[in-house]
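Participant: The lines below spell out each chain.
2 protein chains.
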Amino acid sequence: MSIQAVTSSLPVRSAKQVASHPFAPLSKDEITSAAQLVQSQWPANTDLHYKVITLEEPAKVEAVPYIEAEHAGQKLPSIDRKALVAYYIRKTNKFHEAIVNLTTQTVKSNVRLGNNMHAPGDGSEIVEIERIALEDESVKAELAKLQLPEGTVVISDPWIYGSDGVGDDERMYQCFLYMRDPANPSEPDSNHYAHPLTISPVISTETMQVIRIDYLPTGKDNTLKEPQPYKPQPANEYVSEYQTLRTDIKPLHVVQPEGASFTVTEQGTSSVVEWQKWSFRVGFNQREGMVLYDVRYEGRSLFYRLSLSDMNIPYADPRHPFHKKSAFDLGDAGAGVMANNLKLGCDCLGSIHYLSAVLSDDKGGIVDMPNVVCIHEQDAGIAWKHTNYRTGRAAVARNRELVLQSIITVSNYEYILAFMFNQAGEVIYEVRATGILSTQPIDEGLEVPWGTVVHPGVLATHHQHHFSLRVDPAIDGYANRLVYDEAHPMPRSEFNPHGTGYYTTETVVERSGGYDLDFTKNRVFKIQNTQVRNPVNGKPVAYKIHAPDFQKILSDSDSFNYKRAEFSNKNIYAVKYRDGELFAGGKYTNQSRGGTGVRSWAERNDKIVDDDLVVYVQFGINHVPRIEDFPVMPCEIIKVAMKPVNFFEKNPALDVPPSTQEFNKSTLLSEQHQQSTTTGTIGGSGDVCCSSKL
Amino acid sequence: MSIQAVTSSLPVRSAKQVASHPFAPLSKDEITSAAQLVQSQWPANTDLHYKVITLEEPAKVEAVPYIEAEHAGQKLPSIDRKALVAYYIRKTNKFHEAIVNLTTQTVKSNVRLGNNMHAPGDGSEIVEIERIALEDESVKAELAKLQLPEGTVVISDPWIYGSDGVGDDERMYQCFLYMRDPANPSEPDSNHYAHPLTISPVISTETMQVIRIDYLPTGKDNTLKEPQPYKPQPANEYVSEYQTLRTDIKPLHVVQPEGASFTVTEQGTSSVVEWQKWSFRVGFNQREGMVLYDVRYEGRSLFYRLSLSDMNIPYADPRHPFHKKSAFDLGDAGAGVMANNLKLGCDCLGSIHYLSAVLSDDKGGIVDMPNVVCIHEQDAGIAWKHTNYRTGRAAVARNRELVLQSIITVSNYEYILAFMFNQAGEVIYEVRATGILSTQPIDEGLEVPWGTVVHPGVLATHHQHHFSLRVDPAIDGYANRLVYDEAHPMPRSEFNPHGTGYYTTETVVERSGGYDLDFTKNRVFKIQNTQVRNPVNGKPVAYKIHAPDFQKILSDSDSFNYKRAEFSNKNIYAVKYRDGELFAGGKYTNQSRGGTGVRSWAERNDKIVDDDLVVYVQFGINHVPRIEDFPVMPCEIIKVAMKPVNFFEKNPALDVPPSTQEFNKSTLLSEQHQQSTTTGTIGGSGDVCCSSKL
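Protein sequence lines correspond, in order, to chains A and B. Throughout the first sequence, residue numbering follows our numbering, covering 87 to 780 in sequence. Throughout the second sequence, residue numbering follows our numbering, covering 87 to 780 in sequence.
Next up, chain A with everything else stripped away, as it sits in the complex (with noise of 0.2 angstroms):
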């Protein structure tokens, strides 16, 4: 009963010698190629409006062995490169999705999409989207009855239409005006979001005109007002210019002498990373941002892939047309166009590896995204300790992990998204979200249970924030099954008479579908490999999955909210892995139906046991806002871990060296007592940590 592994690390390659990877993101020339093989379709001037450039990953039956290959050394299968290409025909709603190989340079499959899938925004249509709200003439004429002071910068944040069944087949963008400061216009970066107006201009993509202006309603019920000559209110600035600041914190420096402890290896659009005997490899693309391939540990598989799926953010206000904001960030937008330039000392302290990626335009060109992953190692306090206290010997280690982050801004919000790595074999995935609430416009004065009014005139109403990890798992190999753990108290008996007893049950996981957490009965879902045992214990090696629970989607079943984010309505969803699904609230979420997301796909009621299966993992928040998160929120934090059980043969990080001053070189500002270095005495309480053998 062996642990079978996969024991050689991944040969390092130089990036000449490997034009791409099958799983590394398009490059350049692969961009500027998809594009031409696809308008090459088309009659010679055809103006394609390109939404999506990205690849099409290899199917799993090619790329496993690939893999495998490359960690065994042996030479490659060869593997043709695709791309996904999703466009317009410029200025239409004709929407098409390609598939080219850039290997044969041929057009594998080139569709007009259905009624109700809609492209994601993008850049430059945002940009566009703007200036026609604010220049049209209807919309001047509504803006006129505020009677603004002269020189006032109205902003249009454009949203993502959202869907209600209601004249909603179009592709439209529903926009949100608010102005700066208007007694301070000139300054670029004033928060809009302080002084929401009342007015919402929607656009429809296919004409790129207003097609209609909503009133927003300000009052407890549905009535609408005419617009109101604007009252003066305070602004509320969040740029430094305007704080009154802290002097006194001194700075904190993370410092490497010696370097860091990881290795990046960049090999073209994709890079390998190792790491105290992790290694996998990073791609970065469009919707998902980074995304890990090939996770592994001392060379035993443990993730084919590991990624954000999906996150949505519904509110709760069900007037019109706050009924309809229910925000994709990844599928209306993408986690990777939204990606942040990250800075050196600002974003990410230490000793920092950036990574840089290529995306498209909607020309078929290129995007530098320069920085939009930084890497770098962090202490995260102690990983174990025990003192005998009979001898007095502490034996310490300290927990060091390695952080790969990156940040998105999606119009007013950001998150920031983390994959996070320890030396006990554990893979952490952070979230956290900050940036500045959403906010509609409320008369003064009044309260309203759906929402929190943050600044006089400013209601921040309630919304829920759920996201999804999608884990596709290979612990110790590809046939892996879902689990459960449960602790259940004995009854009394004659066995356990004084009522003290429990025990735990191990359920599996037979078909796909939506599984909770029940704390209640301590219930933790593991993924297991039963044909590889602990050679201690015999139990099948395992990794479980420690995610807090979060109150589902409180829109109804009924509703278009629920139909669409599929993922939201269970902590667990499970599936039979299939090419290409890998979006947990389907892949066309921009004014989408539902039915073609995570819950859709474990309806078929597929067997999951011993097979290749994917786990998508949900978590989030219900964000009941406080005035403390405006003008921008201290962030709120989730983590979801993944965690060994019985995979190892005992304590993974117990060959980390023992903390030392040596090593670790802290200050001691305590004047008055001294370290002893004296050797232990019996019933001393850690009087010699970390010497040696005594």
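Don't read these hints as lab results, they were simulated from the structure. Heads up, a few of these hints could be off.
Treat identical chains as interchangeable: a pair holds within one or across any two.
[Stated by the list, open to error] Below are the EDC-like pairs computed for lysine to aspartate or glutamate, each with C-alpha atoms no more than 16 angstroms apart in a straight line:
id : residue 1 : residue 2
1  : 336       : 748
2  : 363       : 334
3  : 336       : 360
4  : 336       : 741
5  : 725       : 635
6  : 306       : 580
7  : 146       : 697
8  : 336       : 487
9  : 625       : 530
10 : 607       : 635
11 : 311       : 228
12 : 662       : 698
All values reported here derive from a predicted model rather than from experimental measurement.
Start from chain A and add chain B according to the hints.
Facilitator: Chain B in isolation, oriented as in the chain A frame:
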């Protein structure tokens, strides 16, 4: 409706001027004086065994005027110093509790405590018990049956006997026996938990003799076997000499070239800590370890007292004697006495200030406890960020935390306990469980549903860890109330035609009692002061509690476990304040019967609205051991946070200066990706970070 606040910060006095603060733990002189006062109550030469000599904290009606006068810079009222002394007539079961007034040098009370009220263990007693167990002839006779090799070192881990109502009125210890690796008995730090023995002596502390020897069941049922000749098993050592250590970890230093941002003003046996608008006093006592008093932000009061109230660890094996394993690590032992001496560079990283303490010994003398608390800052990632996508300007601040950490060793287990503060007004309490699992012998090849085999012949039984954080709030004043918010879907209606609406409700907790979280309703508890209103939205100032849910105690409600661990069946207990009610599991937990803890206080059904209430926040884990938890477990981390809600007028961390490279001095590792210094352009995404106004 202005926010009333006590605005002056705590005046700093030198250690010489202030003899003691009313909250300061007993000084050396006070400890010995208290002992002598009690001694004087008895005939000369009566040998007293001191178990507890600790500060008897002043009545709140006295303490509040004192701290208010402190902050107002007024004349301080005088408050008598008092001590609680719990002691035995040595080698008897005559357990007494005395209250002495150190200021008047009088003994206010001195009573013999009743049945089933027993003292905690103490260091010298533990050492004695170990010796008695191993020197006892009948124990030796049993050990001889094991036919251990010459020179084998047997170790005795004395456990508090526990309660089961079966001949357990006497104060006893249940000793669990182990041995060092028999093949290597001269290794003083051999992990004896890998070699558990089936012989368990029971010792009475009244006679200090072995009164019984139990055999431990090693099968699937209650069958007991005579001790068998031992079978050699491999060792499972955790100290570094037995590991092949990793050699590829590069150092990581946390350096504060201008020192740390906090100040620690040591005043006798307590210290005032000031950092980033926070101020509080730290004490350290035998039972609770670290206690925080008078926690304020910008001079506004938040918490009168914060402390770990107790923890309980019940075990899942229903068979004798394991059914009695239910440790109260504070009440049975003490987080103060068990605290590690934290070593510079080992346990805490960065620029560290250490606090030391003095405790008492069993003879009424002094035990110096150096370096029991370490104080330092740490960087905890990004605090908040927003990028204006139109200008490309990013505003970002980093999250600096202040950490006060102590570590306790309770025989096999370790707990790392930390209070943390950040610049967004948040208080976090973090527990990390590490150390060594409690083990027992099991027949080889066997599996049982109440534990995990972690080494050949070694079972680690499932157990729960339940912690109780005592929060004595003073949110902008001493009359507070506990409420909880919930989020509910709106029913479909004309107002909510699309089924997307939801709203929040707030419910007041009227009476003392135990309350649960309910994530299906997103129930969040808040401590409010309705007399102080937020000037922006008129809502009462409050602090909310973020605590993860957990499986409550599985022992049934008739069990001693349940009756004794009064806190472990509810997420929240709220009671009306009464002096002296500090310990959620009762004052004397050793072999207790229950009835003296927070559940009992809650049954008084006091009104607690706009009054002086105390909130106990429970949190915990059900520890189902895995191989990776042996021989020392990687830290399992749980956090509870308290965050402001409508307490401030905006994000309180908004005035943290922007994160800049000049300040943070990160190091660029990647070669190929230049950091841009150009100003932002329209449509950029964070090209410009942290710069001054464009």
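Participant: None of the hints should be skipped; say for each whether it holds.
Facilitator: Results of checking the hints against the structure:
no.: 1; hint: 336 x 748; result: between (24 angstroms within a copy, 12 angstroms between copies)
no.: 2; hint: 363 x 334; result: between (41 angstroms within a copy, 10 angstroms between copies)
no.: 3; hint: 336 x 360; result: between (34 angstroms within a copy, 14 angstroms between copies)
no.: 4; hint: 336 x 741; result: between (35 angstroms within a copy, 15 angstroms between copies)
no.: 5; hint: 725 x 635; result: both (11 angstroms within a copy, 15 angstroms between copies)
no.: 6; hint: 306 x 580; result: between (62 angstroms within a copy, 14 angstroms between copies)
no.: 7; hint: 146 x 697; result: within (13 angstroms within a copy, 64 angstroms between copies)
no.: 8; hint: 336 x 487; result: between (24 angstroms within a copy, 12 angstroms between copies)
no.: 9; hint: 625 x 530; result: between (63 angstroms within a copy, 14 angstroms between copies)
no.: 10; hint: 607 x 635; result: both (13 angstroms within a copy, 12 angstroms between copies)
no.: 11; hint: 311 x 228; result: within (12 angstroms within a copy, 91 angstroms between copies)
no.: 12; hint: 662 x 698; result: within (6 angstroms within a copy, 56 angstroms between copies)
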